[in-house]
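Colleague: Quick note on numbering: the UniProt record's numbering labels position 69 of the sequence shown as 69, and the sequence is numbered without any gaps.
Hints may contain errors.
Label pairs and their in silico Cβ distance ranges [said to hold, decoys possible]:
#, residue 1, residue 2, range
1, 407, 213, 15 to 25 Å
2, 279, 418, 37 to 47 Å
3, 104, 401, 43 to 53 Å
4, 520, 399, 47 to 57 Å
5, 121, 399, 26 to 36 Å
6, 433, 266, 30 to 40 Å
7, 304, 450, 18 to 28 Å
8, 303, 277, 57 to 67 Å
9, 382, 303, 18 to 28 Å
10, 303, 433, 26 to 36 Å
11, 266, 410, 28 to 38 Å
12, 402, 478, 40 to 50 Å
For the record, the hints were derived by calculation from the structure and aren't laboratory data.
Computed from a prediction, not measured in an experiment: that's the story for all the values here.
Even glycine gets a Cβ: it sits at the ideal position worked out from N, Cα and C.
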Amino acid sequence: MLFGTLFTITNLSLILVRRTYHPPLLRKPIAMLFHGPAVCFLWLLLFLLDPLLFNPTTIILHSANPLIWILVTIGGKASTEFVVKGTHKEVPQELIDELKAICQDNMTLDYDERFYHGKPQNSFHKAVNIPDVVVFPRSQEEVSQIVKSCNKHKVPIVPYGGATSIEGHTLSPNGGVCIDMTLMKRVKALHIRDMDVVVEPGIGWMELNEYLEPYGLFFPLDPGPGATIGGMCATRCSGSLAVRYGTMRDNVISLKVVLANGDIVKTASRARKSAAGYDLTRLMIGSEGTLGVVTEVTLRLQKIPEHSVVAMCNFPTIKDAADVAIDTMMSGIQVSRVELLDEVQVRAINIANGKNLPEVPTLMFEFIGTEAYSHEQTQIVQRIVSEHNGSDFVFAEDPEAKKELWKIRKEALWACFAMEPNFEAMISDVCVPLSNLAELISRSKQELDASSLVCTVIAHAGDGNFHTVILFDPNEEEHRREAERLNQFMVYTALSMEGTCTGEHGVGTGKMKYLEKELGIEALQMMKQIKTALDPNNIMNPGKLIPPHVCF
Numbered sequence: 001m002l003f004g005t006l007f008t009i010t011n012l013s014l015i016l017v018r019r020t021y022h023p024p025l026l027r028k029p030i031a032m033l034f035h036g037p038a039v040c041f042l043w044l045l046l047f048l049l050d051p052l053l054f055n056p057t058t059i060i061l062h063s064a065n066p067l068i069w070i071l072v073t074i075g076g077k078a079s080t081e082f083v084v085k086g087t088h089k090e091v092p093q094e095l096i097d098e099l100k101a102i103c104q105d106n107m108t109l110d111y112d113e114r115f116y117h118g119k120p121q122n123s124f125h126k127a128v129n130i131p132d133v134v135v136f137p138r139s140q141e142e143v144s145q146i147v148k149s150c151n152k153h154k155v156p157i158v159p160y161g162g163a164t165s166i167e168g169h170t171l172s173p174n175g176g177v178c179i180d181m182t183l184m185k186r187v188k189a190l191h192i193r194d195m196d197v198v199v200e201p202g203i204g205w206m207e208l209n210e211y212l213e214p215y216g217l218f219f220p221l222d223p224g225p226g227a228t229i230g231g232m233c234a235t236r237c238s239g240s241l242a243v244r245y246g247t248m249r250d251n252v253i254s255l256k257v258v259l260a261n262g263d264i265v266k267t268a269s270r271a272r273k274s275a276a277g278y279d280l281t282r283l284m285i286g287s288e289g290t291l292g293v294v295t296e297v298t299l300r301l302q303k304i305p306e307h308s309v310v311a312m313c314n315f316p317t318i319k320d321a322a323d324v325a326i327d328t329m330m331s332g333i334q335v336s337r338v339e340l341l342d343e344v345q346v347r348a349i350n351i352a353n354g355k356n357l358p359e360v361p362t363l364m365f366e367f368i369g370t371e372a373y374s375h376e377q378t379q380i381v382q383r384i385v386s387e388h389n390g391s392d393f394v395f396a397e398d399p400e401a402k403k404e405l406w407k408i409r410k411e412a413l414w415a416c417f418a419m420e421p422n423f424e425a426m427i428s429d430v431c432v433p434l435s436n437l438a439e440l441i442s443r444s445k446q447e448l449d450a451s452s453l454v455c456t457v458i459a460h461a462g463d464g465n466f467h468t469v470i471l472f473d474p475n476e477e478e479h480r481r482e483a484e485r486l487n488q489f490m491v492y493t494a495l496s497m498e499g500t501c502t503g504e505h506g507v508g509t510g511k512m513k514y515l516e517k518e519l520g521i522e523a524l525q526m527m528k529q530i531k532t533a534l535d536p537n538n539i540m541n542p543g544k545l546i547p548p549h550v551c552f
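When you get a sec, could you build the whole thing from the sequences and use the hints?
Modeller: The structure is reproduced here in structure tokens:
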């Protein structure tokens, strides 16, 4: 009763501030007057009653909607619950009829299909609702018509690709229309002499590279198997090759995007560089479907390397391994991959694949170029490894042997589940300036090793990005709290080192709570202004990326 009264008083104060007009210069001081004392008093009282739950990094507020409790964390306000809340209104029959006219048989109202599209395949995140309709457009024109109809009826849209994202990007917490882009997977044009390709968004990066291989070309980003080019644009992803070739931001030349009103926008020409106007391509890369639906992508390609060498070595501590990665990059060697696995991850690989690898921190490298240059790089790195207590330096040049070594890294996530088959994975994605990587991993490992949960470390050590796979049972409250605590510790530590909460996985619903601390409220307000200008009805993947408390 006491809690309810306190929350109601706080809530009414906040509603009064929100709904009463004040001159712009007075809004912030007035909000602080009402908001600050009430929140501080409430938090102090709750902390005295339960110091574990209401610790100094969290504050509980009652939302403007009396049915929803929102966990407010330092750095932003967003739900950390694994079931994402939302509102739902019935999709009008008129819209369903319009979609049928556009898509013909390429749409479904089937519950099982809608449920499948409402739950990401590799994520513990869930939502209270699932899409009401799933459509499968076959052309850019169909996407434009679908979006235009949804905007007319103010029905939410969620673009959908390979469903490999892990931060809840494809959830439909408000129901609406899921636009599955996987039928749009043509290669529209290949320009060999320009080393670029024009594709539809539904093609997977692995499919694309199979198509390109006979031409001696490849697309150099390698996220999780199953990822599609459209989804990779949406999350601004990268992968193990980013240390050499950059992220999606660096490898997309131009886009075509359907905006919320149905307009089709071309963001740039096919020229390798341009100073013509705002960089709309980079605006859309990483926008996670909140500004538009990508319908065509022009990608920068690379020549398949003449020769490559894959090397692997072991270390007594994870700091030694991280220091070698840093020193390798400082040496000026143009490595194409530098991947780090901790001893727990190696143990998972042994259990999953019946291997007998030494269960110690391990680094994996790939060197590319001519045969002579690859060998020279290998020898330089071998010397660096020996200076940092490294051992068991082995390398492979045979194609099958190289494939077998990289299989260890590519299947790392699935190997983790061999240790806890019935658990889910919370995967961190922090990234820091390279010089801070060793300290970040060392401090994180102390927390991870002391935890009751099984946690593994996998790092793209060449660019300061590392992941922790935290295995937990989402049905166990203690597990959920501990997983969230570990994730939060790593994020706050990374932010204190001028890093980011997400190096390549994107924001979705899972990382929104950290954005204000990382970027500041002014940057978020600017994002909100852009979002509102391009999508005034807020139909484009609502509830993602921009924290709900941000206004302007």
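Colleague: Against each hint, give a clear statement of whether it holds in the structure.
Modeller: Structure-based check of each hint:
no.	hint	result
1	407 / 213: 15 to 25 Å	holds, 19 Å
2	279 / 418: 37 to 47 Å	holds, 44 Å
3	104 / 401: 43 to 53 Å	holds, 50 Å
4	520 / 399: 47 to 57 Å	holds, 49 Å
5	121 / 399: 26 to 36 Å	holds, 30 Å
6	433 / 266: 30 to 40 Å	holds, 35 Å
7	304 / 450: 18 to 28 Å	violated, 45 Å
8	303 / 277: 57 to 67 Å	violated, 31 Å
9	382 / 303: 18 to 28 Å	holds, 27 Å
10	303 / 433: 26 to 36 Å	holds, 30 Å
11	266 / 410: 28 to 38 Å	holds, 35 Å
12	402 / 478: 40 to 50 Å	holds, 43 Å
In this structure, the hints that do not hold are numbers 7 and 8, in rising order.
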